[in-house]
Amino acid sequence: MIPLDNPYASARRDVKYAVLGAGGFVGAALVERLYRAGAQVVPLIRRIGTGSALLARFGLPQRLANVLHPESLKAAFAGNDVVFHCVTGDRAATVQGLENSLSAAQASGVRRFVYLSSAVVYGFRPKSAVDEASRFDPPSWSEYAKNKASAERIIGKWSGGPETVVLRPSIVYGPRSKDWSEAPARQIASGRAYLVDQGCGHMNEIHITHLLDAMLLAAHHPAAANQIYVIQDGFGRTWQDYYRSLCELLGVEFSTLAAFSSQDVARNSSQLVRYQRWAKDAPGVLRSAVWHDPLKAWLKNAPGFESFRRFASAPSARPVTDRSNGQSPAITPDFGIALLHTYPQPLVDAKIRTELGFTPRLSLAQTLEGLGRWYRFMGLVR
Amino acid sequence: MKPFRVAVLGSGAVTNVLYRPALQEVRHEIELVGVADLNRQSAEQLLQEFPSANFFTDYHPMLQELHPDAVIVALPHFLHKPASVDALRMGIHVFCEKPMAISSEECDQTEATARETGGVFCVNLFRRWFPSVQEIKRMTTSGALGALTSFEITDGAPYGWPAMSFSFFDRSISGGGVLMDSGVHALDLLQWWLGPIEVGEFLDDAAPNGVECDCVAELYVGGARGSLRMSRSVQLPNVYRLQFERGWIEWDHDDGTRFRFSSDRQTTVEATVKCEARWASGSRYTLVLAQQLRAFARACRGHSAAGLVLAGEARKSVDIIVRCYNKRKELAIAE
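For the protein sequence lines, the chains are A and B, in the order given. By the count of the numbering used here, the first sequence reaches residue 698 at its end, each step adding exactly one. By the count of the numbering used here, the second sequence reaches residue 661 at its end, each step adding exactly one.
Just so you know, not all the hints are guaranteed correct.
To be verified - Cβ pair distances, simulated, as ranges:
| id | chain 1 | residue 1 | chain 2 | residue 2 | range |
| --- | --- | --- | --- | --- | --- |
| 1 | A | 560 | B | 649 | 25 to 35 Å |
| 2 | B | 366 | A | 560 | 55 to 65 Å |
| 3 | A | 698 | B | 609 | 33 to 43 Å |
| 4 | B | 546 | A | 380 | 36 to 46 Å |
| 5 | B | 354 | A | 395 | 53 to 63 Å |
| 6 | A | 494 | B | 553 | 18 to 28 Å |
| 7 | A | 395 | B | 627 | 50 to 60 Å |
| 8 | A | 380 | B | 565 | 45 to 55 Å |
| 9 | B | 649 | A | 476 | 55 to 65 Å |
| 10 | B | 655 | A | 391 | 54 to 64 Å |
| 11 | B | 366 | A | 452 | 44 to 54 Å |
Think of the hints as simulated: they come from the structure by calculation, not from any bench. Quick caveat: nothing in here was measured; it's all calculated off a predicted structure. Note that the Cβ used here is the ideal one computed from N, Cα and C, for glycine as well.
Build out the structure end to end from the sequences listed, making use of the hints.
Written out as structure tokens, the structure is:
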């Protein structure tokens, strides 16, 4: 790996770190980065699970802490300088859990609190390029987006210490990323992968290595105090570019991927709620092409829901072949994935680059090389 | 006949998930008389289901007071040897959870104690009891497919065992990571099917004081080269593939009744072993443990120990694991 020349992006041996959510993808990778740099780190997990197995590689004592149990947090944060908050969960864990964590950090004298938020707070259909000042627009149907937005409102109003830093990545990928590197690869390998509108949307991805660099900058850089940063790799890839790269790694012909249009997704959505979501979030042209609003959709199909189902289940995607058994799997495109594949705007990360000197250090080829190694271990590449 | 009296040492996840239902299944033949664990709460369900069993927080007084015919050792790995040796020296037979111990020296001591005392000592290497696995053993022993030419084993999934403590993740307690935990089964089957195994290269992702989550071993059986890949972090194909001169065999990890083979390298035979339907269901783990416990009780009463994995056999997988750890190199997966 290329060494970083930004001193604020290195783990420090004179700083004590606590990582909340250490059992997750980002949390476990962060603990690994800190451990390998010789730093003092306390991994905090909610329960024993897969994350514990990953963390056990370092022989560090793992500590149980629950963001909904403030006392467990105070004890866990005591003596630490920096807290990284990488917790995901339901509304209580996300919103109340953050408030509890901030209170505990304050009571424990933590110096800096780095909160891993998400660009999902901007919703899925921003009207212009997204930066830190862009308007929040979490869609009403996305609990995750609404919870993250609520959590950000809490940290935005926080005062009295510790210093806070908020990072807003979008798609975090790389080895051990279940959602964005494992799942697409398994879908491609099994003939179940698809792109919506040719994957023309901005992916706005960030490799785990770069995210960890940014988290350490957020923890150390004096200019980061009480700031918010949007962050991405800057490769400018679309989803199509990403899937094309994965196909090359996996030895699968890109042209064999299933293709859906936005209209296909609307037609294939088998629950009314998906139409309701679509009506709110789809681009105007699609909205009018399908149904104008949820009420209209409901009236069109009422009273018999069956007719809607029959229409919705009409085949529209071209058949694809399951490479494992030669049969054609049925693919139902996911509404949320369709929104991502058609994401209309780039994230602009000029602020973190200018203020903190963030520079992605891995080339595109290096990120793919790492994924290839992981896929070989998993048996997806022979 | 007088019931066979057993006591359980340790009431953690393996006791609650596997031994409790198996002991229910054999309760008319085998009587649970005692449970020892530091944590009474973890034993509550067992004590409710077996009201005549007594609870102890230390196994030593339990063995002295109850003097059962046998014990089931289901303690953290590092206690397998001392608890087994203690029981054997008291004239108590031992059914030990895998691995037999966490070092070759410990295996030596346990094996020697079993020999000296004449007690029955066996290890729960349950996959040997699956009808599919036994059929594969018959095929490999017959030599019908010719000599082994290569093999590839993958065995892994995100860690989901309902562990009640961090004992699996502390090297001084567990003796190792995924290889010492699940690998002991894979290596036991391989050496049972194919014969002595030599270790070529071993890579894992553990730091010096940690335990591995993922690992890759290059292994040799005679002149045949093979690999074993194991993971606690990610789903692997979980297929055991053995390639021979004239054909191949494939077994899907933990399938109790089915496997595939080819005797001409062209035609694939989907084989299903005729046996009780439960072997194909989720309750096969209870069934396999109940069968072993019955066989164990018979062996303790002086009958044949056929099918049980006794010390001399059980230690082979531990010895291979020790050789792997001695050759450890770094496996780089992430970042």
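Outcome of the hint check:
1. 560/A - 649/B: 25 to 35 Å: This hint is violated: roughly 44 Å between Cβ atoms.
2. 366/B - 560/A: 55 to 65 Å: holds (59 Å)
3. 698/A - 609/B: 33 to 43 Å: holds (36 Å)
4. 546/B - 380/A: 36 to 46 Å: holds (43 Å)
5. 354/B - 395/A: 53 to 63 Å: holds (57 Å)
6. 494/A - 553/B: 18 to 28 Å: Taking Cβ atoms as reference, residue 494/A and residue 553/B lie about 25 Å apart, which means the hint holds.
7. 395/A - 627/B: 50 to 60 Å: Given a distance of about 59 Å, which is inside 50 to 60 Å, the answer is holds.
8. 380/A - 565/B: 45 to 55 Å: Since residue 380/A and residue 565/B have Cβ atoms about 36 Å apart, the given range 45 to 55 Å is violated.
9. 649/B - 476/A: 55 to 65 Å: At 58 Å between Cβs, range holds.
10. 655/B - 391/A: 54 to 64 Å: violated (39 Å)
11. 366/B - 452/A: 44 to 54 Å: holds (51 Å)
The structure fails hints 1, 8, 10 (numbered hints given earlier, in ascending order).
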